[in-house]
Amino acid sequence: MSQIKYIAGKEPHANETRVIFKNVDRESWDPSIETYLQDGGYDQQKKAFQMEPGEITAEVKTAGLRGRGGAGFPAGLKWSFLPPNNDKPVYLICNADESEPGTFKDRYIIHQDPHQLIEGMAISCFAVGANLAYIYIREEFPEGAQILETAIAEAHRKGFLGKDILGTGFELEIYVHRGAGAYICGEETGLIESLEGKRPYPRIKPPYFPAAMGLYLCPTIVNNVETLCHVKHIIGMGGENWSKTGTPNNTGTRILCVSGDVEKPGYFEVQVGKVTLGELINDMCGGLKAGRKLKAVIPGGSSAKVLRADETFKLGKDDDAKEISIWDIPMDFDTLAACGSMAGSGGVIIMDDSRSMSWVINNLNNFYAHESCGQCTPCREGSLWMKKITDRVVAGKAAPSDIDQLDAVARNIDGRTICAFGEAASWPTESFVAKFRDELIADTNPELEDAFVNAEALTAAANLK
Amino acid sequence: MALEVPSELEKEIDDRITHYPVSRRSAVLPVLHALQHHFGFISEDSVEWAAAKLELEPIKVLEVVTFYPGFRQSAPGKYHIRVCRTLSCAMAGSYELMDSICKKAEIDRSGVTHHDPIAVSNDGKFSIEFAECLASCGTGPVCLVEDDFHEAVTDVDALLSQYK
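From first to last, the protein sequence lines are chains A and B.
Heads up: the first sequence at position 373 corresponds to 373 in the working numbering, and the numbers run straight through without jumps.
Heads up: the second sequence at position 29 corresponds to 29 in the working numbering, and the numbers run straight through without jumps.
Next up, chain B with everything else stripped away, as it sits in the complex:
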């Protein structure tokens, strides 16, 4: 099943590729970002499509997808949450924050592994994973919900209620 990429998205991707006049391969990350942003994750079809677009063997794209924690190979929830796990945030309570979000959003993280770090809520509304240092160590605990950054998160109800 070929990937259906809307023409507007393809135009955005073609424009991104022009930022790399020396090597099309350099555009692997931006092309994957654009695809993930639109489709929610990187499917096998997305890998094939990106490879064809950049005139690469699909393995050259797949090896990038599997390396970088920023790319997902399975569908997240409607809103994807990344909670900072690293030292300063952990000292400020990020593990507790993770637990309370999971409890509130009904997410079961018992099955997560290094290679499959994302857990999705029962209703598919939220998904969550730990992220390593989000570089806001002075305002922990912090998290990203989609592209929104939240600092000193103490009120989980207030956090989640922003997302309908």
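Chain A with its partners taken away, still in its complex shape:
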């Protein structure tokens, strides 16, 4: 890939392995199908359409591709949950509702390389037997939706979509469906409800596993943009070869998005597990801002549990066990899980010692309170209570025991909701309380401790400005 030239100042870092982002910021590149075809575009679709659908799924399984949207679930396994001897239509949905705070990768794929996604989707649809597919794109990407619709029309004209594709008799239509600003639509069953024209209240699993009962209660596969793009490259390289990038059980490349307190925030496509958090911050992002020290990192989108800069993590078992610092964490699914957090969506938010942790968790609590769909009581009420408590903390109107209350509210959401939003909303609070308890308590006012049983303290609280 050394012959590819990138726009000056936007060259990939030496630690990067550009596969999905091969064409992002590439010189003389545009999103048209002509440019894509000149670069070998749609060759993998031609190859895949000569294969048996089952062989494609087998290649994806061999590759060990794990979902890039958040959960890291093996994509091939997801596909194989489609019921055997199914006589209903099968649908495929591309989840382009990119809205996990800290994540900004799908935006660049959609804007700069839309045909890569369409080719990945066409191959995936052929593998799972879907003749109708939707790209559910968040409403806040109006330009992206336009670019995708143009690209779909181009692919149609060239015979990569439509009826009797490449003479195989296989038929496929892809439509772009725009959301309307709700984070919950990134949850796959909420997304399906939304695509059915309803409020996006997530469905309970079981029985509503999309692979069995998804869109219109038919078998449905929902995959993230980046995941579907990888399918194209798995066909190109072969599953076995593809799996040689990355590390065992954490194969392939993935895009890490870094934001917050570093000199050069940005996106970096790396082999999973081959780059440590320290290398990411210091080598790839130019380090922290001058004179600042690392305080905390949210490693996988805002729902991931926060890591404290001075923590150490025990990895491995028994004789192989070792202790590592935050700087030495390899950015892969399994290690971040072992460190008590998650790789999630690849959104890495860096916070330095100028940041108030009360302010940070309050910002996130405002997000989750706003985005809770309201279907399950613990989440609807709890997310708002957490916001109200941290609103008080940052205003200096909370009592020290409010921090315990905050933690208790979070723990009463976690595990008590229909969908994973409950965990997403409560994990930030649980982890910030666990790791920055003293700082949160320092922002409270002990004089307010008895406010609700003591009239004098209550008056004092009311008079605080």
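Calculated from the structure, these hints are not laboratory results.
Any given hint could turn out to be false.
[As the list claims (entries may be wrong)] With a cut-off of at most 35 Å between alpha-carbon atoms, the simulated DSBU-like pairs for lysine-lysine come out as follows:
(1) A:Lys158 <-> B:Lys11
(2) A:Lys5 <-> A:Lys274
(3) B:Lys53 <-> A:Lys198
(4) A:Lys397 <-> B:Lys103
(5) A:Lys163 <-> B:Lys53
(6) B:Lys60 <-> A:Lys198
(7) A:Lys198 <-> B:Lys11
(8) A:Lys388 <-> B:Lys103
(9) A:Lys88 <-> B:Lys11
[Said to hold, decoys possible] A few chain B residues that face chain A, going by a derived Cβ cut-off under 10 Å, partial list only:
(10) Arg25
(11) Leu32
(12) His33
(13) Glu63
(14) Val64
(15) Thr66
(16) Phe71
(17) Ala75
(18) Ala90
(19) Asp148
The beta-carbon is built from N, C-alpha and C at its ideal position, and this holds for glycine as well.
Add chain B to chain A, keeping to what the hints say.
Frame of chain A; chain B shown alone:
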């Protein structure tokens, strides 16, 4: 008062509906987007019109309008601004950006609430609201003005002067 939908818009809407061969109800969001894009917001008449078009009870449309932050039930300004409020942008100064836009465009946000999040400038030229994460966390603070995306916004004068 019945809604007057221009024939070109209705044609666009009818075309969108064909994207959902299994269920017309699936077209609720695209139909509402088209109506909002044309009329600026979703009025009661728009709800009735969309419901009739999709052969649904109006409540099935209204419940969608009231749920999604992307649909407005009152008129915005000529140019509607959405400033990203969430963590990375907030760290990059999005609250300060909101304040300076409001000051420059003469927008009073003191009356905004969860259910009525939009404030309009005195002259009706601009309206503004906070949006949750716009997915460009590496280039904060960011905002959308209508469908235009602006990154690393520091110069509010330069931003607003693009809109006449």
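State the violated hints by number, sorted upward, taking the hints as numbered earlier in the document. Of the numbered hints, just 17 does not hold.
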